[in-house]
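Novice: So you can see what is in the structure, the chains are spelled out below.
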Amino acid sequence: MVLFEHVSMRYGNEPEILRDISFTLTPGTFHFLTGASGAGKSSLLRMMYLGQQPSAGTLRLFGRDVIRLRRQEYPLIRRRIGVVFQDFRLLDNLTAFDNVALPLRVIGVSEAQVREHVSELLIWVGLADYLYNYPRTLSGGQQQRVAIARAIISRPSLLLADEPTGNLDEPMSMRLMYLFEELNKTGTTIIIATHSENLIHSFPYPQMHIHNGQLSFLPPGVS
Amino acid sequence: MGFFSVTLPLGQDSSGRFLPWIMAFMVYIGMLALASSLALDRLAARWNTGLQGSMTVMLPPQSMAGEQTVLREKALQVIRTTPWVTKAAIIDPTTTAKMLEPWLGNNSNFQQLPTPDLIAVEYQSTNPLRIAELRKSLAIVSPDILLDDHQGWLSELLRFAESLQGLSYFLILVVEAATVITVIFVTRTGLAINRRIVDVVHLVGAPNRYIARQFQNHSLRLGIMGGIMGACLAGLTLLAIEYVLGSLSSIILPKLTLSFWHWVLLSLLPVSAGIIAMLTARYTVLRSLS
Chain A
1 MVLFEHVSMR YGNEPEILRD ISFTLTPGTF HFLTGASGAG KSSLLRMMYL
51 GQQPSAGTLR LFGRDVIRLR RQEYPLIRRR IGVVFQDFRL LDNLTAFDNV
101 ALPLRVIGVS EAQVREHVSE LLIWVGLADY LYNYPRTLSG GQQQRVAIAR
151 AIISRPSLLL ADEPTGNLDE PMSMRLMYLF EELNKTGTTI IIATHSENLI
201 HSFPYPQMHI HNGQLSFLPP GVS
Chain B
1 MGFFSVTLPL GQDSSGRFLP WIMAFMVYIG MLALASSLAL DRLAARWNTG
51 LQGSMTVMLP PQSMAGEQTV LREKALQVIR TTPWVTKAAI IDPTTTAKML
101 EPWLGNNSNF QQLPTPDLIA VEYQSTNPLR IAELRKSLAI VSPDILLDDH
151 QGWLSELLRF AESLQGLSYF LILVVEAATV ITVIFVTRTG LAINRRIVDV
201 VHLVGAPNRY IARQFQNHSL RLGIMGGIMG ACLAGLTLLA IEYVLGSLSS
251 IILPKLTLSF WHWVLLSLLP VSAGIIAMLT ARYTVLRSLS
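If you're matching them up, the sequences are chains A and B in order. In this text, residue positions in the first sequence follow our numbering: the first is 1, and each later residue adds one. In this text, residue positions in the second sequence follow our numbering: the first is 1, and each later residue adds one.
No lab work stands behind these hints: they were computed from the structure. Glycine included, C-beta positions come from ideal geometry on N, C-alpha and C. Watch out, some of these pointers could steer you wrong.
A short, non-exhaustive set of chain A residues, derived as facing chain B with CB atoms under 8 Å [unchecked claim]: (1) Arg-10; (2) Asn-13; (3) Glu-14; (4) Arg-46; (5) Met-48; (6) Phe-97; (7) Leu-102; (8) Val-106; (9) Val-109; (10) Lys-185; (11) Gly-213.
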């Protein structure tokens with residue numbers, strides 16, 4: 001599903017932020033992505049959602065070499081990837097409902113199905129009373145839940161989440177982690193970038209740890 | 001959300017806020033230009049058909065009344081015996097005086113002025129050579145007789161009308177070009193302002209044509225809104241011009257008369273402005289994002 005072979009990445013003429021990274025993720029795996037702030041976690045995720053090209057090496061997503069992908073093919077790949085951004089990136093002019101509905105509408109899902117699925121998911125993440133609220137009227141935690149709902153509404157094959165529980169209280173974090181686990185059980189590959197020791201220790205998933213631009217795998221629960 | 005719905009907050013940036021007014025102005029100018037072109041076309045056709053198959057013979061004024069009558073009779077005989085002429089009649093001095101009124105005023109001493117006798121001639125369509133033959137025959141009666149088949153000044157007038165029409169079409173083209181340039185600018189500005197949002201929409205798997213549809217729908221809406229405003233103003237202006245020209249009993253000023261189909265054609269202009277805005281926005285977005 002995801003294959004990195006000797007991948008390096010830099011922004012412009014800056015020094016390489018990631019160096020010679022190689023790993024493979026098979027379908028249905030669940031990993032935490034850890035590392036200090038600025039270590040390159042977001043950059044690694046960015047390459048995986050086609051937001052940035054590697055400056056060296058080979059990156060394959062769903063069997064396709066991203067360097068050789070034509071721009072017109074990006075949407076087809078991206079529709080299989082759900083992304084939760086650290087800064088949420090909700091569209092301020094759309095309600096919570098319309099934000100979550102966006103990925104479905106883009107692919108032409110019928111309005112009846114959109115209504116059913118979006119309402120169901122927003123109720124599940126505890127936003128039953130905020131379906132038609134605009135992001136500016138929601139708290140940070142509520143916005144985060146909208147962002148998570150938008151990322152998983154189309155049941156992606158790969159879910160990339162950058163600090164998805166950063167603004168949430170403990171019970172809601174756990175609830176959303178269970179949602180990710182449910183999604184994972186249906187075959188979705190999940191990578192969650194996090195600083196939360198509590199999260200890492202509460203769930204038995206291995207870590208992809210970035211340090212000095214290098215990636216290493218750590219067993220579950222190791223700090 | 002339907003096909004024509006807009007997800008991006010395109011109505012919120014100031015660049016798009018002015019587009020309907022700019023479009024209204026463009027459509028206003030375009031409609032006036034098109035209306036004048038259509039009216040000129042109609043006027044030229046009326047001049048042409050009104051004078052087709054007719055000519056005027058001018059008999060020089062003679063010093064003695066008896067000579068004038070003899071000359072008139074001789075000329076009439078030559079004209080009436082010409083086989084292709086269907087009608088020839090002296091224009092009575094009162095009518096002549098009325099025709100000269102705009103230039104000479106209501107002059108009671110008109111009868112004393114040495115004005116030529118005029119003979120109105122009607123004929124079946126013929127070729128210019130036969131008119132030249134008649135001109136020769138009349139020259140035998142008197143070398144000072146003039147035969148005016150109206151073609152000289154009519155062709156000048158028609159050429160002038162055609163030039164004005166060409167100018168109107170050019171003006172419409174300029175207006176269309178300005179519309180396209182404006183929409184390109186507004187679309188590019190909108191893309192730049194909404195870059196972050198466009199990125200998010202891309203990241204959820206939207207293809208460029210989805211983004212382009214957002215911009216094209218937005219431009220279509222603004223274009224038609226502006227087009228309708230411009231069309232209403234232009235319609236009122238045209239009606240006012242029509243009323244003013246109609247109330248002036250001048251034979252020099254042409255009447256601005258537009259037919260039902262002319263109004264239909266004019267009403268297509270705001271629609272076409274919307275469509276041009278839509279297609280321009282689509283093309284601009286697809287080109288910018290590719």
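Novice: Hint by hint, work out which the structure violates, then give me just those numbers in ascending order.
Specialist: 1, 2, 3, 4, 5, 6, 9, 10, 11
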